[in-house]
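Order-wise, the sequence lines are chains E and C.
According to the numbering used here, the first sequence is numbered sequentially starting from 1.
According to the numbering used here, the second sequence is numbered sequentially starting from 1.
For lysine to any residue, the following SDA-like pairs were computed, each having C-alpha atoms within a straight-line distance of at most 25 Å:
(1) E:K167 / C:D109
(2) C:K112 / E:M91
(3) E:K79 / C:A91
(4) E:K167 / C:V88
(5) E:K167 / E:L78
(6) E:K79 / C:R98
(7) E:K92 / C:K112
(8) E:K167 / C:S99
(9) E:K79 / C:T101
(10) E:K92 / E:T103
(11) E:K167 / E:G63
(12) E:K79 / C:E107
(13) E:K79 / C:N104
(14) E:K92 / C:M43
(15) E:K167 / C:A84
(16) E:K92 / E:S33
These are calculated hints, taken from the structure and not from any lab test.
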Amino acid sequence: MMEAVLFYIFAIGVIAAGAQVVLRRNPIYGALSLVGCFFFLAGIYLLLAAHLIAILQIMIYAGAVMVLFVFVIMLLNLKDEELGEQRMTAMKVVGIIAVLATTGVIAWRALGAAYPNGPQVDNALRISGFGTVREVGRVLYLSSVLPFEVTSLLLLVAVVAAVVVAKGKI
Amino acid sequence: MDFFHAHQAQHYLVLAAVLFALGALGVVLRRNALIVLMSIELMLNAVNLTFLAFSRFPLMGTSPQGSFLTGHAAVFFVIATAAAEAAVGLAIIIAVFRSRTSVNVDEFDALKL
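Next comes chain E alone, as it looks inside the complex:
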C-alpha cells in the first residue's frame, strides 16, 4: 500500500515538473523544474530497487548536468525579446498528433498482452543484492568491461570537444 502511494506521488511530481520544462517560456524555470523532475525520478528508481542508479541520477543528472545547463543559461543571459514568440504552425499540429499517436501505441503495447494476468515475476525479491553497488559493479566490470572503458574515452573526447567548440580562439 505504501509503495502504491509513493509511486503515485512521485509519478505526479515527475509529470508536473516535466510539463513545466515544455510549457515555461523562460528556460531558467524549465531548468529548475527539470532538477525537481530528476529528484522525483530518483524516487521512482528507488521504488524499482535500483539503488545505485537512483544515487547516480541525483549526483550526475541533477548535480553535474543541470549545473552545466543553468551555467549556460546564465552565460547567454537571453533578453525577453530574444526568447521569441510562440506560434502555432500546421507542422507543429502534425507533430503533436504524431507524438500522441506514438505514445498511444507504446502505452497500448505496455498494457496489452506483454504481461499475462496473475502475479508478476519480481527480480528484486528473487535475487539477493538486486540493484546494489556490488552486483551492478560486478556486471559492469565482468561482462561489459569493454563498453565501460570506451565510455571513459567518450567522456574525454566530449571534454576536449566542448572546449574546442565553445572557445572562439585557442
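Since the structure of chain E is provided, determine the placement of chain C on it from the hints.
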C-alpha cells in the same frame, strides 16, 4: 492483492511512455535550443525508466543472457552518454550564439543552399 501490485510493471511503463511524450512534445513544439536539449534529457530518462522496469519485472518466459542486472548497466552507459551529449550540445549552442546572437533553432540554417 491490490491494483498497483497486480499491475506494477504496467504502471512504470505507462509513466515512461508519458514522460517520453512530454520530451518529444518539447522537441516538436519549442524553438529554443536550450529547451530542446532539456527535452532530449527527459526522453533519455524515460528510456532509463523502461530499462529499470524490465530489469525488475522480466517478461514471462524470458531468461536473460548472463546477469539479471544488465539493464542497470545499460542505464549507467545512457547516463554517461547523456552527460557527454549535454556538454557538446551546450558548447555548440554557445558557439552558434556567438555568431548569430540567437538560440532559435529556426535560424540555424548556415548550411542551407
